[in-house]
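Here's the letter readout for the chains.
2 protein chains.
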Amino acid sequence: MALGEFDLIRKYFTRPTQQAVLGIGDDCALLQPTPGMQWAISSDMLVEGRHFLPTVRPERLGHKALAVNLSDLAACGARPVAFMLALALPRVDEPFLAGLAQGLFDLADLHGIELVGGDTTAGPLNLCITVFGELPPGQALRRDGARAGDALWVSHPPGGGIGDARLALEVFRGHLSLTGEEFERVRCAMEQPQPRVALGQALRGLATAAIDLSDGLVGDLGHVLRRSGVGARIEVDALPISPALARQPRALQQQFALAGGDDYELLFTAPATAQAQAQVQAAADAAGVAVRRIGQIEAQPGLRLLDAQGIELTLALHGFDHFSC
Amino acid sequence: MALGEFDLIRKYFTRPTQQAVLGIGDDCALLQPTPGMQWAISSDMLVEGRHFLPTVRPERLGHKALAVNLSDLAACGARPVAFMLALALPRVDEPFLAGLAQGLFDLADLHGIELVGGDTTAGPLNLCITVFGELPPGQALRRDGARAGDALWVSHPPGGGIGDARLALEVFRGHLSLTGEEFERVRCAMEQPQPRVALGQALRGLATAAIDLSDGLVGDLGHVLRRSGVGARIEVDALPISPALARQPRALQQQFALAGGDDYELLFTAPATAQAQAQVQAAADAAGVAVRRIGQIEAQPGLRLLDAQGIELTLALHGFDHFSC
Numbered sequence: 028m029a030l031g032e033f034d035l036i037r038k039y040f041t042r043p044t045q046q047a048v049l050g051i052g053d054d055c056a057l058l059q060p061t062p063g064m065q066w067a068i069s070s071d072m073l074v075e076g077r078h079f080l081p082t083v084r085p086e087r088l089g090h091k092a093l094a095v096n097l098s099d100l101a102a103c104g105a106r107p108v109a110f111m112l113a114l115a116l117p118r119v120d121e122p123f124l125a126g127l128a129q130g131l132f133d134l135a136d137l138h139g140i141e142l143v144g145g146d147t148t149a150g151p152l153n154l155c156i157t158v159f160g161e162l163p164p165g166q167a168l169r170r171d172g173a174r175a176g177d178a179l180w181v182s183h184p185p186g187g188g189i190g191d192a193r194l195a196l197e198v199f200r201g202h203l204s205l206t207g208e209e210f211e212r213v214r215c216a217m218e219q220p221q222p223r224v225a226l227g228q229a230l231r232g233l234a235t236a237a238i239d240l241s242d243g244l245v246g247d248l249g250h251v252l253r254r255s256g257v258g259a260r261i262e263v264d265a266l267p268i269s270p271a272l273a274r275q276p277r278a279l280q281q282q283f284a285l286a287g288g289d290d291y292e293l294l295f296t297a298p299a300t301a302q303a304q305a306q307v308q309a310a311a312d313a314a315g316v317a318v319r320r321i322g323q324i325e326a327q328p329g330l331r332l333l334d335a336q337g338i339e340l341t342l343a344l345h346g347f348d349h350f351s352c
Numbered sequence: 028m029a030l031g032e033f034d035l036i037r038k039y040f041t042r043p044t045q046q047a048v049l050g051i052g053d054d055c056a057l058l059q060p061t062p063g064m065q066w067a068i069s070s071d072m073l074v075e076g077r078h079f080l081p082t083v084r085p086e087r088l089g090h091k092a093l094a095v096n097l098s099d100l101a102a103c104g105a106r107p108v109a110f111m112l113a114l115a116l117p118r119v120d121e122p123f124l125a126g127l128a129q130g131l132f133d134l135a136d137l138h139g140i141e142l143v144g145g146d147t148t149a150g151p152l153n154l155c156i157t158v159f160g161e162l163p164p165g166q167a168l169r170r171d172g173a174r175a176g177d178a179l180w181v182s183h184p185p186g187g188g189i190g191d192a193r194l195a196l197e198v199f200r201g202h203l204s205l206t207g208e209e210f211e212r213v214r215c216a217m218e219q220p221q222p223r224v225a226l227g228q229a230l231r232g233l234a235t236a237a238i239d240l241s242d243g244l245v246g247d248l249g250h251v252l253r254r255s256g257v258g259a260r261i262e263v264d265a266l267p268i269s270p271a272l273a274r275q276p277r278a279l280q281q282q283f284a285l286a287g288g289d290d291y292e293l294l295f296t297a298p299a300t301a302q303a304q305a306q307v308q309a310a311a312d313a314a315g316v317a318v319r320r321i322g323q324i325e326a327q328p329g330l331r332l333l334d335a336q337g338i339e340l341t342l343a344l345h346g347f348d349h350f351s352c
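So the sequence lines, in the order shown, correspond to chains A and B.
Counting the first sequence from 1 gives a position; my numbering is that position plus 27.
Counting the second sequence from 1 gives a position; my numbering is that position plus 27.
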C-alpha cells in the first residue's frame, strides 16, 4: 500500500521542535522572534533539469536545496533560525525521501536550524524552501551600500576557487572531461555548495555591500553596482581558480569564474583601508573560509575587466538567467 | 525579445514596500516584528492539474494561490502581514503573468499584506507561497485544544454551503451538469475561495481548536480529533448546503459536504454554553460570514455521523489526499 501524504510527512520530516513554539502538524508554524531583532527571509525554488540533474544523489539534493537558501541569509549577515519545505513529488519514492531528508537535516543541524512546516503534493519534482534568519536592526548587508573606493572581495573554498560548479556541469554535459578525482571535487562544488553563513555574520558592520553568487559573478555584481549607483573594475588574474579549473584553457577559466553560476560564495565590498582589509581577513579566518580581493568599486558606472598589466579585456560574458540561457 | 527573469519580476511583481524594512530586490526581505508578537507561518504549493485546471483564468489562479495560504493563517487566528512567492513557469507568458499578479495583489490589498520577495524560474507551472502573520503569544487557534462537550462549528458563505468546490470540479470533469448561473456560482467557490481571516482573528480566546477545510471536512476534522485526543459526532442534516448542491442527490450532497475538499472554510470548536454560542455568532456577524453548529466533541474516540433522527449513518468517505486519490 502506498503511503499517504500525511504518513510521508510524519515518517521522514517530522522531528521534535527545539526552538519553535509549534512545528510541523498544525495549520501554521509558530515562532517567537527574539526581542529587538529583525527577520531576514528568502525563498528559492529548485526544479529538476534546471537546478539539479536527475542523476543527483537525494542526500546532495537535500543539502543543496537548503544550502542555496542559507546562502541568501549569509549574504545578508543573518543568523539562520528555521525553514519551511514545500515539495512536489512525481511519485512516492521512499529511498529518495529518506536521502533527501538526510541531506536536509545534516545541513540544518550543522547550522542549528529546524524544519517548522511546509507542504507535500504530487507533481513534477520541485523543492521550494523558505528560510528565516535574525539580525540586529540596521545591520543587514545589502546590495545598495557599495561606495567608490571600496575593495571588492570574493570568498572561496580554501585551496579552491570559483567557477568549479560550472566546470562540473560542462563535464556532465559531455563538453569537457576531467580525471576521476578532479571530477569528484568539482562535482562536490556543484552538488554540495557550502553556504558562507559564519562569514556573512562576521562581515556585519564591516562589509558595505554583499550578495551571494548564484547567477555568475558578473551578473550578480551588476545587481550591486546598479543598486549602489557605482561601477567597478575586476582584476581578472586575481580571481581564485581551483587547480582543476586552472588546467583548462584560459578563456574557459575566465568564463567559468566570471559567469559560471551556482558558486554560492559571497561577493562583498569593504573599505580599502589596511585596517578593514585585516578585519576582512580575520573574519574569513574565523569562519574557516578563504577570501580574495579581486577589484575595486569606482564612481564611474559600468564594469571594467583588467588583466595583470592593467589592460582592459573585452570578454563576451553574461550572467545566468533562467529564461535567457 | 523575451524578457529576462529579472525584468519579469520587476515588471509584474515589484511594488514599493509599505511595511517591510526591505522588499523585493535583495538577497533577503527584511521585516521588523511587532514587539511581543508571535509569528505564524505557512507554505502551500499549487501544481497545475492537481490544485487548479489549465483552463483557470490567471487572475483567479493568483487569487487562489494566496487565498489557500491566508486560510491557514485564518485557522490560527493570525493577522496576515506579508508573503513570498516562488514561481516556476514553463514559458514567458506576459498576459498570464499580468493576470496572475492582478489576482494576487487584489487579494493582498484586501488583507493589507505585501509581497516581500521570492523566486522565479523556468519549469512546469508551480506556485509556492509562504505567508507570515502575527498574533499575541499563547492565543493561536490550534488543532489540539478541542474538549469533550465543545460545540463543533463550520463557517460558510452567507446563502451558500460547503461542498460547492467539489461540485464544480465534477462539472468540469463532465460527471455532473448545472445551469449556467449555478455553475458560475460553484465555479467561484472552487476558483476564488475567500479566506476567513477576520473570523479567525475574532475567534481568538473563544474557539478551543480550529482548522481550515482543504482536504474535506471528515479528513480535516480527523486531524483535530487525533491531536486533541477526542471524538465527535456530526449531525449530517445540519451541514450548510448551497441551493445548487441541494438539487443534487442526497448521497452526493453528503459526500461533497463531508469529503469534497477545497472549501477553505473554518472548522472550529467552542464551549457549548449559550454565552459562547452567542459570541461565536457575533464574531461571524462582525466578520461578514455565516457559521453553522454541526455537531459536538465527545470523549469517545472516533467520528459518528448522525441523521436528523439521531440514527448513525454509514458512509464510505475519505478525505482528500494528494497521493491516494
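Hint data in this document are derived by calculation from the structure and do not stem from the laboratory.
Among the clues, some could well be false.
Unchecked claim - Pair by pair, the computed Cβ-Cβ distance ranges are:
# : chain 1 : residue 1 : chain 2 : residue 2 : range
1 : A       : 278       : B       : 149       : 47 to 55 Å
2 : B       : 200       : A       : 211       : 47 to 55 Å
3 : A       : 299       : B       : 45        : 31 to 39 Å
From a predicted model like this one, the values you see are computed outputs, not experimental measurements.
Heads up, the beta-carbon is just placed ideally off N, CA and C, and yes, glycines get one too.
Against the structure, the hints come out as follows:
1. In this structure the hint that residue 278 of chain A and residue 149 of chain B lie 47 to 55 Å apart at CB is violated, the actual value being about 28 Å.
2. Residue 200 of chain B and residue 211 of chain A have their C-beta atoms about 50 Å apart, which keeps the hinted 47 to 55 Å range intact.
3. Checked against the given bound of 31 to 39 Å, the beta carbons of residue 299 of chain A and residue 45 of chain B, roughly 37 Å apart, stay inside it.
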